[in-house]
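Protein chains in written order, with numbering that gives the first Met the number 0: chain A, 0 to 309; chain B, 0 to 417.
Accuracy of the hints is not assured; some may be wrong.
[Stated by the list, open to error] Here are some chain A residues pointing at chain B (derived, C-beta under 8 Å): (1) Leu13; (2) Phe175; (3) Asn203.
[Unchecked claim] Footprint (simulated), chain A over chain B, 3 or more residues, beta carbon under 8 Å: (4) 234 to 240; (5) 264 to 277; (6) 280 to 286; (7) 303 to 311.
[What the hints assert, rightly or not] Derived Cβ-Cβ restraints for the label pairs, each shown as a range: (8) Lys333/B / Asn65/A: 27 to 33 Å; (9) Pro397/B / Gln121/A: 38 to 44 Å; (10) Ile290/A / Val413/B: 57 to 63 Å; (11) Ala163/A / Gln286/B: 30 to 36 Å; (12) Val124/B / Met0/A: 55 to 61 Å; (13) Leu125/B / Ile107/A: 32 to 38 Å; (14) Glu177/B / Gln121/A: 41 to 47 Å; (15) Lys333/B / Ala80/A: 41 to 47 Å; (16) Met136/A / Thr409/B: 28 to 34 Å; (17) Val413/B / Asp140/A: 55 to 61 Å; (18) Lys333/B / Ile290/A: 56 to 62 Å; (19) Leu103/A / Gly243/B: 25 to 31 Å; (20) Gln414/B / Ile294/A: 56 to 62 Å.
Read the hints as simulated data drawn from the structure, not as lab findings. The beta carbon of each residue, even a glycine, is placed where N, CA and C say it ideally should be.
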Amino acid sequence: MDYLIQQLLNGLMLGSLYALIAVGYTMVYGIIELINFAFGELFMFGAFISITMMVDSMTIFGQEVNFPGLHFLLAVPIAMAVVAGMGVAIDRVAYRPLRNAPRLAALISAIGMSILLQNVAQAMFGSSQVFFPDIGMFTGDNGLPKYVTISNAQITYLQIFVVAVTVLAMLILNFFVQRTRIGRAMRAAAQDKSTSALMGVNVNRVIAITFIIGSAMGALAGGMYGAIYHFAKPDMGFIPGLKAFIAAVLGGIGNIPGAFLGGITLGVIESLGAAYISSEYRDAFAFVILILLLIFKPSGLLGSHISEKA
Amino acid sequence: MKLPRYLALVLAVVMIFGVVALVGCGDDETTTDETEDTTATEDTGATEDTSGEATDSTAEAAAMDGAPFKFGLAGPMTGQYANYGTSHKAGADIAVAELNANGGVNGGEASYTTGDDLGDPKEAVLVAQKFIDDSEIVFVNGHMFSGATIAAGQNYNSAGLPMISPSATNPDITDLGEYIWRICMTDAVQGEGLAKYSVDDLGMTKIAIIHDDSDYGRGLADAYEEAVIAAGGEIVAREQYTTGDADFNSQLTNIRQGEPELLFMSGYYPEGSKIAQQARALQIDAQFLGSDGYAADELIELGGAAVDGMLLSTFFDYSKDDPKVQAFVEEFKKNNDDANPDWFAANSYDVIMLAAEAARQAGSNDRDAINEALGTMDTYSGISGDISFDENGDVVKPLSIVVVRDGELTTADVQPQG
Chain A
0 MDYLIQQLLN GLMLGSLYAL IAVGYTMVYG IIELINFAFG ELFMFGAFIS ITMMVDSMTI
60 FGQEVNFPGL HFLLAVPIAM AVVAGMGVAI DRVAYRPLRN APRLAALISA IGMSILLQNV
120 AQAMFGSSQV FFPDIGMFTG DNGLPKYVTI SNAQITYLQI FVVAVTVLAM LILNFFVQRT
180 RIGRAMRAAA QDKSTSALMG VNVNRVIAIT FIIGSAMGAL AGGMYGAIYH FAKPDMGFIP
240 GLKAFIAAVL GGIGNIPGAF LGGITLGVIE SLGAAYISSE YRDAFAFVIL ILLLIFKPSG
300 LLGSHISEKA
Chain B
0 MKLPRYLALV LAVVMIFGVV ALVGCGDDET TTDETEDTTA TEDTGATEDT SGEATDSTAE
60 AAAMDGAPFK FGLAGPMTGQ YANYGTSHKA GADIAVAELN ANGGVNGGEA SYTTGDDLGD
120 PKEAVLVAQK FIDDSEIVFV NGHMFSGATI AAGQNYNSAG LPMISPSATN PDITDLGEYI
180 WRICMTDAVQ GEGLAKYSVD DLGMTKIAII HDDSDYGRGL ADAYEEAVIA AGGEIVAREQ
240 YTTGDADFNS QLTNIRQGEP ELLFMSGYYP EGSKIAQQAR ALQIDAQFLG SDGYAADELI
300 ELGGAAVDGM LLSTFFDYSK DDPKVQAFVE EFKKNNDDAN PDWFAANSYD VIMLAAEAAR
360 QAGSNDRDAI NEALGTMDTY SGISGDISFD ENGDVVKPLS IVVVRDGELT TADVQPQG
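Assemble the whole structure, with the sequences as input and the hints as a guide.
Below, the structure written as structure tokens:
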């Protein structure tokens, strides 16, 4: 029983990170039906920019550059803002010119963007792992993380913090999309771009806002990921990006609560699969689930409105 | 009209020859550059390294008119694995400078030519041909990767050019023939040695294993598991992860169920530092033991407090209390921005010193004479440990264990016995 609880907690924490990235995928897909493969890289930049804000100096493009050395709680919002800007720029440069082109063209542009960003990061920060500084808040005097014990299962304060931040982010986001004017414009544009444009919605602005929010969420996930695993690396976004994409499809792509549910589900299934079946095939579980889902419930767990649209 | 056409023809001929000449020179030029390079380090070596007998060695250096002791230095010098080649070359530079400061080998000047195999078997074959055709080359220090070594090794063996690999661990390599040697131990030998160390020397009986999915990580874990059981230990859990993963909580939760006294990790340090951190966060208090892929300064940088006290297998202990080792480390730091040498640099150095010793014993800088002496010579005491060969050309060498203490790798108190 303790064992099961521990594995569920492991899965919950992993799933929270997937969920944060999945939101970006799902929002952008919901509105322009494009899978923005560059989200994995925005996630990566989120982690790197958080690091630069937290350290005193760092080597960038081979030059020693001085940085402010801020607290984690300040560094991550800055990273989110910078990455949000990058998200908008990517849309402007790589996707907006292709808005009316065949969808395949935009998809290829997204893949190209992803490779480009990875190479830029490699040129900037080098190709090996960079240490993500300890965030300080949840570390004991012995240098190891503080934890609580729930019936013999351990969970660190940091893991609780990550899950709490994820839940909070999802609630705020859901409120924003359901209850605000811009949120309503987003939902309208997602259903029918040309009609909502006729109703006075500035569709390009709505898309830009979508990219801002999605990218900021990716950067938030990157900061959290770095805090937990203590590293950043130019290719770190690839696998989490893929998993988040699966989480988004699992929850029903285009659906925000679905992305959250999909992320958590995926994390838990991975942990339980590794626990009870085999850790060797851990990554395979995610893909097996994707295939099964596409066969039996292509619209995802909560994603009925996709089929209406199509 | 006539003149321009004539000019064009002349230009074309000049250009064609120019290109041919450039391409032809290309190789030669790099070769000379390399030789000049080594001579340059040699000079600094002569003045700095042997200050006591400076006058003596200069006199001898001037008198190096015997057959040259020239070797081929093969490894990935450019491309994605260039960092290995850089270490390889850094070790070789120190060895060459030291040999020449002491009058060369059999009165012949030590020097080398580099061959860039990019770590690729196809390129390695081209490098092998270049070395075989250069009659001045008496042995090859390389190749570094197993694939490249196997591809090139066949050619060296049939041409009768001795090759000593500093780092290729695939078991099949030394079966290629009598001219093929190596001074690093195979994964199977390391696994067995670490198992005996865990059970016999540390007295641990409940042992868990976590390894990556590479041939290296898995092969080492297999050999380790088998030998632990043979030595009377118990494997309470064995888990695998994918290279590049960052989350190991599921595997570690499984491992925690087995309540191990010792956790053996087989793989590379980027994952190792995170495994250690997550294991400590899950309150696994077992002793950690890592394979040689973990023994890097980066492990400490990335792992922090969680890797404190971790034991690591290594092919080169740079903190070893041995004047030879410390002289090498000092020289290496001087040439490389104060960085500690890794085992690739140390083994490259040892390969050259070993071959030089073989040439001295044979009394000649000749391919066959060196090869024969390698087979008959006694144990050679190198900086990476005492080296001798079995009948197959595989190295017989003790394992070194280091421990992470106060943010540094230092010689562990308990060393493997026999």
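Quick rundown of the hints versus the structure:
At about 6 Å, the closest approach between the beta carbon of Leu13/A and any beta carbon in chain B falls short of 8 Å, and the interface hint on this residue holds. A distance limit of 8 Å between C-beta atoms decides the matter here; for Phe175/A the minimum to chain B is near 30 Å, and the interface restraint is violated. A distance limit of 8 Å between C-beta atoms decides the matter here; for Asn203/A the minimum to chain B is near 37 Å, and the interface restraint is violated. Here's how the segment 234 to 240 of chain B fares: 3 of its residues keep a CB closer than 8 Å to some CB of chain A, so the rule of at least three is met and the hint holds.
For a cut-off of 8 Å, the count of residues in the segment 264 to 277 of chain B with a CB near a CB of chain A stands at 4, and the three-residue condition holds. By the rule of at least three residues with a Cβ nearer than 8 Å to a Cβ of chain A, the coverage given for the segment 280 to 286 of chain B holds, with 3 such residues. By the rule of at least three residues with a Cβ nearer than 8 Å to a Cβ of chain A, the coverage given for the segment 303 to 311 of chain B holds, with 4 such residues. Here the CB-CB span from Lys333/B to Asn65/A is close to 29 Å, well matched to the stated 27 to 33 Å.
Range check, Pro397/B to Gln121/A: about 40 Å between beta-carbon atoms, so the 38 to 44 Å window is met. Checked against the given bound of 57 to 63 Å, the beta carbons of Ile290/A and Val413/B, roughly 50 Å apart, lie outside it. For the hinted restraint 30 to 36 Å between Ala163/A and Gln286/B, the CB-CB distance of approximately 35 Å keeps it satisfied. Roughly 60 Å separates the CB atoms of Val124/B and Met0/A, a value that falls within the hinted 55 to 61 Å.
Between Leu125/B and Ile107/A the beta carbon distance is about 37 Å. The supplied range of 32 to 38 Å therefore holds. At roughly 44 Å, the beta carbons of Glu177/B and Gln121/A sit within the given window of 41 to 47 Å. The hint said 41 to 47 Å for the Cβ distance between Lys333/B and Ala80/A, and at roughly 46 Å that hint holds. A hinted range of 28 to 34 Å holds for the C-beta pair Met136/A and Thr409/B, which are about 32 Å apart.
For the hinted restraint 55 to 61 Å between Val413/B and Asp140/A, the CB-CB distance of approximately 29 Å leaves it violated. Hint check: Lys333/B to Ile290/A, Cβ distance near 58 Å, so the stated range 56 to 62 Å holds. Checked against the given bound of 25 to 31 Å, the beta carbons of Leu103/A and Gly243/B, roughly 29 Å apart, stay inside it. Checked against the given bound of 56 to 62 Å, the beta carbons of Gln414/B and Ile294/A, roughly 58 Å apart, stay inside it.
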